[in-house]
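Whenever a hint applies, use it, and build me the whole structure from the sequences.
Quick note: the sequence shown uses this note's numbering, first residue 9, plus one each step.
Keep in mind the hints are simulated off the structure, nothing from the lab.
Where hints are given, some of them may not hold.
To be verified - Derived lysine-lysine pairs resembling DSS-like cross-links, with alpha carbons at most 30 Å apart:
#, residue 1, residue 2
1, 59, 90
2, 14, 85
3, 14, 90
4, 59, 85
5, 59, 14
6, 59, 93
7, 93, 14
Unchecked claim - Quick list of the computed label-pair ranges, beta carbon to beta carbon:
#, residue 1, residue 2, range
8, 76, 12, 28 to 36 Å
9, 76, 9, 28 to 36 Å
10, 88, 12, 25 to 33 Å
11, 55, 25, 25 to 33 Å
Note that the coordinates shown come from a computational prediction; the quantities given were computed from them, not determined experimentally.
All C-beta atoms in this analysis are idealised placements derived from N, C-alpha and C, irrespective of residue type, glycine included.
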Amino acid sequence: MSFSGKTVIITGSSNGIGRSAALLFAQDGANVTITGRNAERLEETRQLILKSGVSESHLNSVVADVTTSDGQNLLVKSTLDKFEKIHILVVFF
9 MSFSGKTVII
19 TGSSNGIGRS
29 AALLFAQDGA
39 NVTITGRNAE
49 RLEETRQLIL
59 KSGVSESHLN
69 SVVADVTTSD
79 GQNLLVKSTL
89 DKFEKIHILV
99 VFF
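As C-alpha cells, this is what we get:
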C-alpha cells in the first residue's frame, strides 16, 4: 500500500512506536507531520526520517502538547499551512 499524496499527523512521534510509525509512513510516500513535547527528541526523529532519504518538503515538525487546545490548534494549523489537507491521524501517548 502506498500513502503517496496522503497527509499523516503522528502524535508522540519523538520516540518509540510513534517514531517508527512516522518513519514508515514517510518512507511510503506520505506527507508527515511529527509532533511531540520534547524538541530535542523530535529533532532526532526528524533527522532519522531525512537520513532515510525522505525530502524535507514531505516532512513537518511541530513541538506541541496535544493534550491542550492550543497545542492541537498549532498542530492542525501548521499541517494545513504546509500540506493543505489531513487524511490520517495517528495518536500515541
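Hints versus structure:
no.: 1; hint: 59 with 90; verdict: holds, 21 Å
no.: 2; hint: 14 with 85; verdict: holds, 17 Å
no.: 3; hint: 14 with 90; verdict: holds, 13 Å
no.: 4; hint: 59 with 85; verdict: holds, 26 Å
no.: 5; hint: 59 with 14; verdict: holds, 21 Å
no.: 6; hint: 59 with 93; verdict: holds, 25 Å
no.: 7; hint: 93 with 14; verdict: holds, 8 Å
no.: 8; hint: 76 with 12: 28 to 36 Å; verdict: holds, 32 Å
no.: 9; hint: 76 with 9: 28 to 36 Å; verdict: holds, 33 Å
no.: 10; hint: 88 with 12: 25 to 33 Å; verdict: violated, 19 Å
no.: 11; hint: 55 with 25: 25 to 33 Å; verdict: violated, 18 Å
Of the numbered hints stated above, those contradicted by the structure are hints 10 and 11, listed in ascending order.
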